[in-house]
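**Student:** Could you build the full structure based on these sequences and the hints that come with them?
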Amino acid sequence: KQEVTQIPAALSVPEGENLVLNCSFTDSAIYNLQWFRQDPGKGLTSLLLIQSSQREQTSGRLNASLDKSSGRSTLYIAASQPGDSATYLCAANSGGSNYKLTFGKGTLLTVNP
Amino acid sequence: NAGVTQTPKFQVLKTGQSMTLQCAQDMNHNSMYWYRQDPGMGLRLIYYSASEGTTDKGEVPNGYNVSRLNKREFSLRLESAAPSQTSVYFCASSRTFGGSANSPLHFGNGTRLTVT
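Chains as they are written, first to last, in the numbering used here: chain A, 375 to 487; chain B, 14 to 129.
Keep in mind that a hint or two might mislead.
[Unchecked claim] Derived lysine to aspartate or glutamate pairs resembling DMTMM-like cross-links, with alpha carbons at most 20 Å apart:
id, chain 1, residue 1, chain 2, residue 2
1, A, K375, B, D69
2, A, K375, B, E72
3, A, K474, B, D51
Source of the hints: derived by calculation from the structure; they are not laboratory data.
**Tutor:** Okay, here's the thing in structure tokens:
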């Protein structure tokens, strides 16, 4: 059974700092790895999706990497801003005909002005 | 462009009551999903519909039923609500099954359900 763990559970940084959020998964047979952002009282917003054949994806100040062999993914946020404050979740998609998107419990990020 | 719309936003039920959570998407997506989010548990998949006319059980389907009414709408029904079903329910959709770089999952804003 796939298990996804996110460390740390919460992170507080000053504005402008570069930071890394970690995600680990137990079963390396994944189809893709997805990162989401969730604001309080809202649904999830997709940030980046890395296919199993890829090593990284970039969008603006965000860069996500994937190392299947070690069962790890990281989300790098450059020059953090107060607007980046949210909960970040990663999800491993076991994929194929048996859909299985397993979510981590998230990292609550606070960026202080 | 509304995206994924869920109704109602909030609901309080008594144990044993029934209700249907509605979800509609206007992005012409093929696949739709229902998740529940509980503190300390993360999001868990209840049911999904890979394409119009098909539905399948997810990780926690007991106590729920679904209907893919048409391509736009995917409803979740609680036949006899229990306190254990107190949760935040999210509907999501994607153009391709399981999502992809060109077709990520789009989520609604959730329905907050309390069963007393």
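**Student:** Against this structure, judge whether each hint is valid.
**Tutor:** Each hint, compared with the structure:
no. : hint             : verdict
1   : K375(A) - D69(B) : 19 Å, holds
2   : K375(A) - E72(B) : 11 Å, holds
3   : K474(A) - D51(B) : 18 Å, holds
Every hint from the earlier list agrees with this structure, and none is contradicted.
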